[in-house]
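Trainee: Given next are the chains, with one letter for each unit.
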Amino acid sequence: MKGSGNIIKKIVLSAIFPILMFVVMLIITASNDKCYVNGKLIFLSTDLIRQVIINACMTICVALAIWLQLKNGRFDFSGGASMILTAIIAGNVGLTTNSPVIALLVAVVVGIVLSSVTAIVYIIGRLPIIICTIGMTLLYESLTYLVSGGQGIRIFYSQAHTSIFGRIPGVLVPTALAVAAFVIFTYFTAAGRKGKVLSNNQRAGVNIGIDEKKNVFVTYIFTGIIIGLAAIVYVSQHEVAPQSGLATSGIMFSYIVPVFMGTFIGLASCDVVGIAIAAIGMEIMNYGLNCLNLGAGGWQQIIMGIFVLGFYAFSAQTDKIQAFMEKRKKSAKSA
Amino acid sequence: MKKALLKKISATMLAGVMAISAVGCGSGGNTANNSSAPADSGTTSSDSNTASGDSGDAESAPAVEGKDCTIGVAFYTDTGFAVDSTKAYLESLSDTLNVKFTYTVLTQTDEAANLTKIQELISSNVDGIICTMDLGMTSIIQECEAAGVYLGGYLCDYDTSYNTAYDQVFKSDYFVGSAVDGQSPDAVTIGTTMFDSLIEYNERNADAPITHVSMAIFPVWAFPTQQVGAEQFVAAVEAYNETAETPITVDPLNEESDVLAFAPLDTTYFAKHADSQAIISFAAGSAFVYPTMVQAGVDSSMKLFTTGFDGGEDVNFGTSGNGTYQQIMVTAPESITYPLVLLLNKINGVSFSDQPAEAERVSSAQYLVNSDEDMASFQKSCFFTKDAANAMYTPQDVLNMTAFGNPNATYADLKGILSTMTIDSIK
Amino acid sequence: MMSEKEKVTPAEFIKHHIYDIAAYAGLIVTFILFLIFSGSRLSYNMATVLQSASTYSIIALGAVFVYSMGYMDVSVGQQVGVYAILMIMITNAMGGTAAGVVVSFLVILVLALLCGAFNGAVAVWLKLPSIVTSLFLMFFFTGAQLLLMESTGTNSISIQATIKPADRGMYNVMLIVAIIITAVIVTYFFKFSKLGKYTRGIGANEVTTAQCGVNTTKWKVIAYMAFGVCVAVGSFIMLTRTGSAGKGTGSGYAMDIMICLILGGMPLSGGMKSKVSSALVGTFTYVLLTNDLTTMGVDLNMINFVKAIIFIAIIMVTCRKRDAVLPR
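Residue numbers (this note's numbering), protein chains in the order written: chain A, 1 to 335; chain B, 1001 to 1427; chain C, 2001 to 2328.
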């Protein structure tokens, strides 16, 4: 009984964020004339569900790739560049072969190769991770100009038969695979468990005999798989142009908010669920903002900024909140 | 401690040495350039062109071959059909015209970055520059004047400079004029062109004509012609509806959802224009409208009439694929011939007998592709194939357009070629 | 300390100074290429390099305070953009007078100081990593830049006052003086005042520094404010170049500054090895490298690749750590 009660509690706690977001956006859009067309509230159209699912799947894939590294104590700057380069290569192969499945396989392979290269440079170069991954970002970005004649990939996403992994229901396949890869690594591999030790106390971990290099390499291989899956979703939804000047980090940053929010929401359950829930909540917010015509431009940036700061400020106080809750529990028990 | 100090001193000195020489040269270079660049005639800078010293009054003595020179081309983007086909075309002219081309890419929003790019081009010893952006032009033209380098425009109407800095830019001896991407703001016809394409489509598809359309434009501050075009389109539809059996409805331009601030169309556009069957996009539709159509799954149910061509549109054009695209429109890369010839004339110290006193911005005819036949022709163009063998002009043709290659060449002829670059000219 | 120094052999010297040697070697190589490929326009090109390096170097000099603490600020670019636009707007509103220029500069100086205080203090109060507050400022200023430009209804606005000497030589002198003054002041504060000592201390070990009785919050705020002053001055210098600003003004500066500092041998983790010279060496290496690749006529599509390879080669030498664990 207690177990099932706990699960229900976890579900409710996790679902609070998107539900709250939905209610808030519903109230805001319903009270705004701009959001009505022919008397119908556009926020409540079926488009909402489709857009939220499609965008949330994309966000989940990238967020998991970012989180897998962060969780292991590394901030990998090059994730965005790997994804874009992978997307261009996989998209072109998919277009030539006319097969989205081959594109998916190529994406995963290229994702793994690029991630392994990053890992090798990091391990052999013994460079600080941010500096190393900035270097790799510059390298991968420069390669986007050298593959497929510097044209990127344009028409992969616009043809129904090639872009199945960017639409419903196909988009759920790479997303599910990405979640599976994340879960397998975190909970079912020795590297994942050792990674936790290393992220908590790197030196102690190495001292008790963990082979850090091997650990880093395995982590990067799994990150590569997820990046490949993110790339196939990305190239199935967007045209991908060559990038330069660390612009890919901007693409990656645009998916980073759900990572942090997800880890906080995930306190109630686990990080994967938290990230998925956060992504859904964020996409509901984005859709609402679009209805209000605040989806792009200055105000969206400012709202986003305030949101990020507010959320961080709140989540930074979690220890205090938890301590407060514990205290209340104890006092309730003693009473 | 001492060593650290020593390092600092040496760092400062290195920077200082460069800086001091820059000052010296800044002023020295200035005078040198001033002395070598006469105030009112088209001579070249002396520092890059060994043969240019005697070019002072060469206007009356045309040569058959142009001097060896370098022209820098500053593109607005680094990839794409327009860039690749233009490069292919220019490279094909290189030997006959004795011109070496060098390329750079400007930003679309940062004046200081653009100034640096132009300065780097000048530093790499170019004699002329063809620039595709009107951003930071007053400071750029000052640089060109100081260095004795001529500047021409391509795919750009220089509207900001035209309206706010005409004297500094258009009256400068170093600005030769620009070939506009389509019509210049004082000669807009794009609205009626779009309307004609729509009517042609309806005639071809009499059983299922488009009767309800919506529009998309870029902001007025960036592309004033698009707002004018949209108004023209609405007026044309209204005039048509007066006599038409099946009238066409145009959703009025919604300030917030239909004006794209260089961000893709929003998915809520389709909810806001629920009954629209086609989007008339004056803004570059393949990059800013089509992706959202695909994302929202309306690409097979709605049509798109737009400007621009980024590659891949042909797959879903007319009766092919999803048939989303029903019109695309691009300017021929060969229109770069206009600023190129004017720059070469200046560099060679010659000019046309009918050369206007002030630089002009000249409209270009465009490839209007709105049927399968047009697309078939378009696919043979230099733009599409990126192959100069398909260009409208051979190197000899271009040499004949210059004042030094052909004493009978005129400015009117040169300007005239811009109006001939239509889809029919490919057929 | 002294006895150690006396025993240093050339091999040990090279081993200990490999970062500096690589950084300076980078600068020298780019400079030699610059001399070779500038050809007959060497003098003109020197002014070009000076002009592009002026803004970077002034901001990078200020960034030394922040980076020496092991922090970074990703909002610099957008701040520069907004400050440039605000200066133009305020000056033009005051009729393009000299007083307008002064007032507008004071306004952006105050804003820059406030942003500095925000980055330093709010991060401490809310217990946030300072990258988060700067991320907020980045979003905020990106939005503000877009909204300000939308309010003007144009793509680019120009200042109506004369802020640049008409004579090119004079202008170059002005830029050099600005760089030298900033470098001298920053060197003084970084090397000989408490500010530099404490920021390096915070970078090396914040807890220890705090336990030594240093009010780290106060010095963080001061360090960020010092950076703010340099950002304001840098924005003005940048504005003098074109006299105009737009939506993209300043974009990419945060990353460029970071790359400059890395090329100059600045450890991103901060600490005692932080140096003011990194800012100058790195900036000039970066600007010269970009310039060289253009004057050498390297293919556009190859330029980024060459830059990336050079960057990786330099960091492989300068940033390599010899710890038992992999550096983070």
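Just so you know, these hints were derived from the structure itself, not from any lab. The beta carbon of each residue, even a glycine, is placed where N, CA and C say it ideally should be. Hints should not be assumed to be uniformly reliable.
A few chain A positions that, by computed beta-carbon distances, are all more than 10 Å from chain C [unchecked claim]:
hint, residue
1, L13
2, N32
3, D47
4, I49
5, R126
6, I129
7, C132
8, S142
9, P169
10, K213
11, W299
12, V308
13, K330
Per the computed footprint, the stretches of chain C lying under chain A, defined by three or more beta-carbons under 8 Å from a beta-carbon of chain A, are [claimed, not checked]:
hint, stretch
14, 2126-2137
15, 2257-2271
16, 2309-2317
Trainee: Is A:D47 truly not at the interface, in the sense that its beta carbon sits beyond 10 Å from all beta carbons of chain C?
Mentor: Holds, since 26 Å exceeds 10 Å.
Trainee: Could you let me know if the closest chain C CB is still more than 10 Å away from the CB of A:P169?
Mentor: holds (34 Å)
Trainee: Beyond 10 Å on every Cβ pair: is that true for A:R126 relative to chain C?
Mentor: violated (5 Å)
Trainee: Is the nearest CB of chain C more than 10 Å from the CB of A:K330?
Mentor: holds (24 Å)
Trainee: Should the label of A:W299 as a non-interface residue stand, given a Cβ cut-off of 10 Å to chain C?
Mentor: At about 6 Å from chain C, A:W299 fails to clear the 10 Å cut-off, so the statement is violated.
Trainee: How about the stretch 2126-2137 of chain C: do at least three of its residues have a C-beta closer than 8 Å to a C-beta of chain A?
Mentor: As far as the stretch 2126-2137 of chain C goes, the hint holds, because 8 residues have Cβ atoms under 8 Å from chain A.
Trainee: Taking the minimum C-beta separation from A:V308 to chain C, is that value above 10 Å?
Mentor: violated (6 Å)
Trainee: Taking 8 Å as the C-beta cutoff, is the stated coverage of the stretch 2309-2317 of chain C by chain A satisfied by three or more residues?
Mentor: Since three or more residues must qualify, the claim that chain A covers the stretch 2309-2317 of chain C holds, with 5 doing so at under 8 Å.
Trainee: Taking 10 Å as the cut and beta carbons as the points, is A:N32 off the interface with chain C?
Mentor: Check passes; 19 Å lies beyond 10 Å.
Trainee: Hey, does A:S142 actually stay past 10 Å from chain C on C-beta?
Mentor: violated (4 Å)
Trainee: Are all C-beta atoms of chain C more than 10 Å from that of A:L13?
Mentor: holds (23 Å)
Trainee: Any Cβ of chain C at or closer than 10 Å to A:I49, or is the non-interface label fine?
Mentor: holds (28 Å)
The structure fails to meet hints 5, 6, 7, 8, 10, 11, 12 from the earlier list, while all remaining hints are met.
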